[in-house]
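Produce the complete structure using the sequences and hints provided.
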Amino acid sequence: MTFKRVAAASVAALMVASPVMADLVFPSLSYRTGPFAAGGIPYADGFADYMTLLNERDGGIGGVAVSTPECETAYNTEKGVECYEATKGEGALAYNPLSTGITYQLIPKATADDIPLYTPGYGRTSAANGNVFSHVFNFPANYWNGASAAINHVLDLNGGDLKGKKIVLLHFNGAYGKEPIPTLTKLGEKHGYDLTTIPIDYPGQEQKAQWLQIRREKPDYVLFWGWGVMNQVAIQEAANIRYPMDQFIGVWWSGAEHDVKPAGEKATGYKAMTFHGVGSDYPVFGDLQKYVVDAGKAAGDGSNVGTVIYNRGVYAAMMLAEAAKNAQEIHGVKDITSAQMRDGLEQLEITNARMAELGMEGFGPEFKVSCANHGGPGAIAIQQWDGAAGKWSLITDFSGSDMDVIQPLIDADSAAYAAENKIDPQCN
Amino acid sequence: MFYREAGDFKTSYRDDNQTFPIRLDRAGYWIVLFVAFCVIPFFVNDYWVNSIFAPFFIYAIAALGLNILTGYAGQVSLGTGGFMAVGAYSVYKLMVAFPDINIVFHVLIAGGITAAVGVAFGLPSLRIKGFYLAVATLAAQFFLVWLFNKVAWFYNYSASGQINAPERSVLGVVVTGPNTEAWAKYMICLVFLVVLAWVARNLTRGMTGRKWMGIRDMDIAAEIIGVNPLMAKMSAFAVSSFFVGVAGALFFAVYLGAAEAGESFGITKSFLVLFMIIIGGLGSIFGSFAGAAFMVLMPVILKNLLVGTMGWPTEIAAELEFIIVGGLIVIFLILEPHGLAQLWRLTKEKLRLWPFPH
Chain A
1167 MTFKRVAAAS
1177 VAALMVASPV
1187 MADLVFPSLS
1197 YRTGPFAAGG
1207 IPYADGFADY
1217 MTLLNERDGG
1227 IGGVAVSTPE
1237 CETAYNTEKG
1247 VECYEATKGE
1257 GALAYNPLST
1267 GITYQLIPKA
1277 TADDIPLYTP
1287 GYGRTSAANG
1297 NVFSHVFNFP
1307 ANYWNGASAA
1317 INHVLDLNGG
1327 DLKGKKIVLL
1337 HFNGAYGKEP
1347 IPTLTKLGEK
1357 HGYDLTTIPI
1367 DYPGQEQKAQ
1377 WLQIRREKPD
1387 YVLFWGWGVM
1397 NQVAIQEAAN
1407 IRYPMDQFIG
1417 VWWSGAEHDV
1427 KPAGEKATGY
1437 KAMTFHGVGS
1447 DYPVFGDLQK
1457 YVVDAGKAAG
1467 DGSNVGTVIY
1477 NRGVYAAMML
1487 AEAAKNAQEI
1497 HGVKDITSAQ
1507 MRDGLEQLEI
1517 TNARMAELGM
1527 EGFGPEFKVS
1537 CANHGGPGAI
1547 AIQQWDGAAG
1557 KWSLITDFSG
1567 SDMDVIQPLI
1577 DADSAAYAAE
1587 NKIDPQCN
Chain B
13 MFYREAGDFK
23 TSYRDDNQTF
33 PIRLDRAGYW
43 IVLFVAFCVI
53 PFFVNDYWVN
63 SIFAPFFIYA
73 IAALGLNILT
83 GYAGQVSLGT
93 GGFMAVGAYS
103 VYKLMVAFPD
113 INIVFHVLIA
123 GGITAAVGVA
133 FGLPSLRIKG
143 FYLAVATLAA
153 QFFLVWLFNK
163 VAWFYNYSAS
173 GQINAPERSV
183 LGVVVTGPNT
193 EAWAKYMICL
203 VFLVVLAWVA
213 RNLTRGMTGR
223 KWMGIRDMDI
233 AAEIIGVNPL
243 MAKMSAFAVS
253 SFFVGVAGAL
263 FFAVYLGAAE
273 AGESFGITKS
283 FLVLFMIIIG
293 GLGSIFGSFA
303 GAAFMVLMPV
313 ILKNLLVGTM
323 GWPTEIAAEL
333 EFIIVGGLIV
343 IFLILEPHGL
353 AQLWRLTKEK
363 LRLWPFPH
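Chains as they are written, first to last, in this note's numbering: chain A, 1167 to 1594; chain B, 13 to 370.
Keep in mind the hints are simulated off the structure, nothing from the lab. From a predicted model like this one, the values you see are computed outputs, not experimental measurements. Among the hints, erroneous ones may be present.
Claimed, not checked - Here chain B is said to cover these stretches of chain A; the calculated rule only asks that three of the stretch's residues, wherever they fall, bring their Cβ under 8 angstroms from a Cβ of chain B: (1) 1192-1201; (2) 1230-1241; (3) 1265-1272; (4) 1285-1292; (5) 1365-1378.
Ideal placement from N, C-alpha and C gives every residue a C-beta, glycine not left out.
The following block contains the structure:
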């Protein structure tokens, strides 16, 4: 930090008082620019607003104020590394970079620096194996849960038989989009469907070729792993070729209001997975409106409160805040370190009673993290878009995924990582 | 007053041909080397190495490589990102396959593999020139990135297509992986940069470099006076790709530690390195350094200034960075089309005459 300021000052020859450092620091490696900003902005706003709410309403976590210094990554791994190095000196307790590529980058670095990474619903799926990935937490659900839940939904629609069905995985051609391929391939062997993967290169504003291929292959279902501007384009293209929307299922990063609205009424019926509730009918959003938005302290313009990605940012911030509170209780100190924060995450238990206290009853599942299981329950529901009403609604209950298929994949992938990096299992 | 040849007598051709004919320049060169090797390593921390020195050194190697091809031999290339990917994936496969061999050799072999790939993609340069060659190398860029995404063997069948650098050491000091000390990371990049820059300087002022420049200035005339265009162009592609491959290998193994072809080595990387040599100065070793420093440091300095010091919102600062860096590039190129190297050259000319300019 000092070095940073010296560098800046040597150019500008101006110096201002150093910002007041709060005690609990959760850096927000956000992206408010670039082709993925559509998702990055509401998430960063939700994350920051929930922490602001804790400061305003409760006086922080356990009486200690929280700060979320932001650093712009533009979803670029090099900038992500720069942001990590720039913020870790400020006493960062945990990182939540909202980018699978940056997460891969940070897993070894953060582990070496003893700072936990919290990657809810993204990042490296096999990090669910806490035995190998001691500092990475991806509860409550990961991509392989998502892939399996989507297939389970399709199985339900087809009376449990997918023999000879054609399923296309339309995905971002990067770490994030490639994650579900092993699971979908394995599930294909089990259920007898044909899997075709169609990649979309960054940033995905042009998808004519991909949709031409879909039109030619006439798949029974299209699963979609997209993000940012890619989502809007894909849904628009699907509408253009009149692909039946109720056979088009996105992952939770491809199912926000701003993704479907550009296609208008034609997007009605589009489905997406989710690992938390939809809408703003939870007391916590009333508090956010009252203490943060109306008080003029919101990170954004306040228009995103209650939208899908904003809610997810709130949910992630809530988990980190609960873990920090947990860490304070375990270690009996208010001013926790990143190592203590890791313990707080590892021994976190979310109960329905606690969720109700937080004003988020029924928003997410109840679960308990353990040393070996950093992945949570993986309970996933399907939401569907209603273009006329302009809102998402859940059409299934939250249910688990096919762990018989996923667990061996997690074990194999994490074992390969452990062997490559000579990691001993941390749990006995 | 001190910056002049007067009084600095040379009694041999060797002295007369040295890189820094002026005593002050020579002193400055040794002081810079001394500070870089013996002072900075004791003070660097993770932030300085990961945000400034490592990317600066590695991009400087890549810029040197591209400058040899484009600046000295006159062959336009838009395939730098793809060639860096070849270096990165080669070093990954080598590191994983032969864990007992020193990483330095892996990096050098990765450079060699990239040189072979570069020569293969350089073959069209015998037939086509200028923009047409640029399009051919653009094809190399897209083909190579596609290849590393498509063929799972290159990333050892990992679930996400990412490659991760395992921990390797040089003389018992860990230089790759998360446990690398800041100074070790700094030193390995610095050693590669200094050695390669020394090689580049001596290649370009010798016969090889003169052949390249002959081909660049007028290939028919060069051929008439006895330069073999095949050898000259292929050697330029080979040497350039070797440099770029080493840069790619260090970029992945030492600097980032994890990479994926599309994100880390996309077309933007090719343009970034091309901008570096255009801003720094085509056909200049100093220009490669200056261009790399400009493109790496400007965004970091601006960000620290706008966000860190002035407390602006991150997104406004990020957009402004683009505007300011873009504006500076335009201004520089209008004021001095030959880049920062020419500005430096003019400054030196003026200094030689100072304080009595005729």
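These are the hints, each one checked on the structure:
1. 1192-1201: holds (count 3)
2. 1230-1241: As far as the region 1230-1241 of chain A goes, the hint holds, because 4 residues have Cβ atoms under 8 angstroms from chain B.
3. 1265-1272: holds (count 4)
4. 1285-1292: holds (count 3)
5. 1365-1378: holds (count 3)
In the structure shown, no violation is registered for any of the earlier numbered hints.
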